[in-house]
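Build the full structure now, drawing on both the sequences and the hints.
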Amino acid sequence: MTTTIVPAPVRKSRFLVFDVETTNLMPKQKPNGPRLTIDDYPHILQLSFVIYDLNESKITKSYDAYVKINSNIDVTDKITELTGITKDICNKKGVPIITILKEFYDAYLNCDVLIAHNMDFDVEMIKIEIERNREQILSAFPCVLTTFNDTYEKIHNIERYCTMRKGIPICNILVESKIPGRPPTKKYPRLLELFQHLFVGETPTGLHNSIVDALVCLRCYLKMRHNIIINAIDFERIFKTFKK
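Heads up: the sequence shown at position 63 corresponds to 63 in UniProt numbering, and the numbers run straight through without jumps.
Hints should not be assumed to be uniformly reliable.
Now the in silico label distances, taken between C-beta atoms and shown as ranges [unchecked claim]:
1. Pro142 - Ser177: 42 to 52 angstroms
2. Lys223 - Ser139: 40 to 50 angstroms
3. Tyr152 - Asp40: 21 to 31 angstroms
4. Leu192 - Arg35: 33 to 43 angstroms
5. Lys61 - Arg134: 24 to 34 angstroms
6. Lys58 - Pro34: 43 to 53 angstroms
Simulated pairs of lysine-lysine, DSS-like, Cα-Cα distance not exceeding 25 angstroms [what the hints assert, rightly or not]:
7. Lys30 - Lys58
8. Lys28 - Lys243
9. Lys240 - Lys58
10. Lys240 - Lys186
11. Lys30 - Lys240
Since the hints were derived computationally from the structure, they do not count as laboratory data.
No residue lacks a Cβ here, since even glycine has one placed at the ideal position from N, Cα and C.
This is the structure:
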């Protein structure tokens with residue numbers, strides 16, 4: 001009798017949680033308007049990520065950087081009020097965007113789950129910055145151009161997990177339809193709404209700082225996907241360790 005050996009499933013254990021802060025929201029192409037160019041898209045002002053190792057039950061790497069922006073890039077009062085980021089902060093603390101993208105690429109290669117809240121936006125913004133800085137990247141770090149490569153992710157079984165989309169049935173927040181007579185629909189939860197649903201009685205501070213958002217997103221993901229609960233005291237300790 002032939003014995004068939006079934007290999008044990010490979011458990012995904014390295015999680016890359018990331019977030020960006022930007023100068024604006026993504027523009028929409030108007031049906032009869034001029035075609036959008038790269039100059040119409042927002043710029044990243046801050047990019048942060050953490051790598052969490054499930055086997056070690058801890059964050060093994062963190063990265064948080066402001067972007068050194070060109071003088072012609074506008075940071076509005078509205079963005080400063082929301083994020084706390086100013087042009088002065090970017091000029092004094094900022095790092096060249098291609099250096100930041102290389103750091104992110106190295107992390108991307110060493111993880112098997114990608115996690116973000118509103119992942120489509122964060123991924124698109126990173127891809128826009130890669131395209132915007134293509135010539136410099138080709139000269140310095142050409143490998144960065146393969147970030148978010150569909151074939152690579154398929155071959156290596158990289159999983160994407162958007163806590164915003166996965167949080168829809170968890171939060172179950174209903175909004176009235178804009179079309180009369182239609183039933184209410186479930187909306188995408190904001191990160192704060194998801195967090196408060198998962199951790200009743202707690203309110204995170206400092207949101208819209210990308211390293212804070214990444215840490216809060218990680219805590220939500222671990223409970224949503226793995227039923228790993230980081231209590232408030234431990235999270236405060238982690239928060240103080242990794243937030244600037």
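Q | C-beta pair Lys61, Arg134: status relative to the range 24 to 34 angstroms that was hinted | A | holds, 27 angstroms
Q) Holds or violated: are the alpha carbons of Lys240 and Lys58 at most 25 angstroms from each other? A) holds, 15 angstroms
Q) Is the Cα-Cα distance between Lys30 and Lys58 25 angstroms or less? A) violated, 45 angstroms
**Q.** Distance restraint evaluation - Leu192, Arg35, Cβ atoms, bounds 33 to 43 angstroms
**A.** holds, 36 angstroms
(Q) Looking only at beta-carbon atoms, does the pair Lys58, Pro34 fall within the given range of 43 to 53 angstroms? (A) Since the Cβ atoms of Lys58 and Pro34 sit about 50 angstroms apart, the hinted range of 43 to 53 angstroms holds.
Q. Taking 25 angstroms as the top limit, are the C-alpha atoms of Lys240 and Lys186 close enough?
A. violated, 34 angstroms
Q | CB-CB spacing for Ser177 and Pro142 relative to the 42 to 52 angstroms hint | A | holds, 48 angstroms
**Q.** Range hint 40 to 50 angstroms (beta carbons of Lys223 and Ser139) holds or violated
**A.** holds, 43 angstroms
Q. Is the straight-line distance between the alpha-carbon of Lys28 and that of Lys243 25 angstroms or less?
A. Judged against 25 angstroms, a Cα distance of about 33 angstroms means the pair is violated.
Q) Per the hint of 21 to 31 angstroms, is the separation of the Cβ atoms of Tyr152 and Asp40 within bounds? A) Holds, at about 29 angstroms.
Q) Taking 25 angstroms as the top limit, are the C-alpha atoms of Lys30 and Lys240 close enough? A) violated, 44 angstroms
Taken one by one, the earlier hints fail for this structure at numbers 7, 8, 10 and 11, listed in ascending order.
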